[in-house]
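Asks: Here are the chains, one letter per residue:
Protein chains: 2
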Amino acid sequence: MKVVIIGIGLIGGSFARDIKRLHPKAKIYGRDVNPAHEDEARVLGLIDETAGGRELSEADMVIVSVPVDALLVELPGILDAVGEQTVVMDAGSTKSLVCKVVENHPKRRNFLACHPIAGTEYSGPSAALDGLYEGKTQIICEVEKTAFKLQERAHDLFRDLGMRIRYMNPESHDKHIAYVSHLSHISSFMLGKTVIEMERNERDIFDMAGSGFESTVRLAKSSPAMWTPIFRQNKGNVLEILDAYIGNLEAFRDKLSNDDFNGIYQEMDNTNKIREILKGIPLNNKVK
Amino acid sequence: MKVVIIGIGLIGGSFARDIKRLHPKAKIYGRDVNPAHEDEARVLGLIDETAGGRELSEADMVIVSVPVDALLVELPGILDAVGEQTVVMDAGSTKSLVCKVVENHPKRRNFLACHPIAGTEYSGPSAALDGLYEGKTQIICEVEKTAFKLQERAHDLFRDLGMRIRYMNPESHDKHIAYVSHLSHISSFMLGKTVIEMERNERDIFDMAGSGFESTVRLAKSSPAMWTPIFRQNKGNVLEILDAYIGNLEAFRDKLSNDDFNGIYQEMDNTNKIREILKGIPLNNKVK
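Protein chains in written order, with the working numbering: chain A, 1 to 288; chain B, 1 to 288.
Isolated chain A, as found in the complex (with noise of 0.2 Å):
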């Protein structure tokens, strides 16, 4: 099996990590814009040798993993060089656009919109991390645009590595996920940005926090450069998840303002259903 990569940071490499392992035999080339994440991922045993035109042609899989505005503009391009019996899948945040951009393209057939929940805040080869994606959903878009035999290639992969298989449109999955990811990329990092104000000139007092402040922001340590095209894709969807956030928060402060604390005991025990809705979310295992 040759299995192309393009763009070997967390989730590229993650895939390298499980596909070497479940195909001992299996032959990696990876791509990545960076040249430096590319000697790391070779130096790391993720990928054997960089990936040229002629890999893309001879692949059996290529697994583009890169930023969102980069795959709009990469995606065609690589469809254009790989071979009929190649499967091209991405993994990324936001699947209308890259959905569109690929519509009318003589190659349709060979590309698989994917967007495996799974991840970390940390980015780059050296967080690659095996058995990322075990107990993880796969969610798939438009399968019906992508041949048969190139979806069951994917499938038997995603078997593998032991991951759930959800599908749905575009819309559905850029509405949804700006709801249960997004906002809580936007609420993590304005979280940390409000508290490193207030504390500018008091940092010891960082030795207050504990693990609730940490579990909160910890998405704010996420990649800039990987985040801002999700919401310029998604501005629509974020955008109203947003606004009716910044209304609860808004109401639960008026509420507190006008001692109703009946009403703040009452906000707190409904959303205490939350409870069941987590118990259903694979973690990771391995991160630290």
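Errors might be hidden in some of the hints.
When chains are identical, the list treats them as one kind, so a pair holds in a single copy or across two.
[To be verified] Below, a list of computed lysine to any residue pairs in the SDA-like style, where the Cα atoms sit at most 20 Å apart:
no.	residue 1	residue 2
1	Lys279	Glu197
2	Lys255	Gly236
3	Lys255	Asp243
4	Lys273	Glu214
In short, the hints are calculated from the structure, not lab data. Keep in mind that this is a model prediction, so the values were computed, not measured.
Following the hints, put chain B in place on chain A, whose structure we already have.
Replies: Coordinates of chain B only, in the frame set by chain A:
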């Protein structure tokens, strides 16, 4: 050693677990406003017996781990009941009012105002954990008002538990803990509420949620009975930081709305410095 724990939930129960381990001969008495919690604590082996007035008067140490509204009501009576050589410590997440309420108490020197920065989003005796306090910060307020010998007894325990001690005045504590703890809880509760409201009719969508969502909303599982009085007692500081947070979210919203993606990138890049800050925060080893 005789220890009385008033309020045998996560915090009091975790003290009980470690005291039993460190001092196998210690006798631990417990009291809880909820009789089912008293029974559960006995069955779990957290306490040996239920505590009455006599146990209070003979105790070497009394740990009061009740919600901060109950603390203000009960602490003066507890101090009335303890012996001259008993050290009484609390674990409340606000410190100004509790220090105020015992300011002129004849046994003020028996009280040590404490806030262990430790916990999880769970509550009750079954949530108690071994080693919860290891590596965590114990904030002590107005230490100079506690009898030296009683300070020493408490410090010996904290040292044996592996805690770091930080001294602070109650007003500074309440201001900064609003930043690094209370705000995180509001952010998390309102994030949970917002997403539950948006997803009301599409429950399967939580299949799309990953560890990032879980991390930012897990504090929304916290106990309303514990948190409502915290927000009440720390209203001024909480309103100040909540307003700053809402202001930052609105500024982010406006940048997104105006397609100012350079600005969004910069916001996130500047906030990435949280990485360095978070490195110093001790996390729970044994929490699910």
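Asks: Hint by hint, say whether it matches the structure.
Replies: Here is what the structure says about each hint:
no., hint, result
1, Lys279 to Glu197, "between (34 Å within a copy, 18 Å between copies)"
2, Lys255 to Gly236, "between (29 Å within a copy, 13 Å between copies)"
3, Lys255 to Asp243, "both (18 Å within a copy, 13 Å between copies)"
4, Lys273 to Glu214, "between (22 Å within a copy, 13 Å between copies)"
Hint compliance for this structure: every hint is met.
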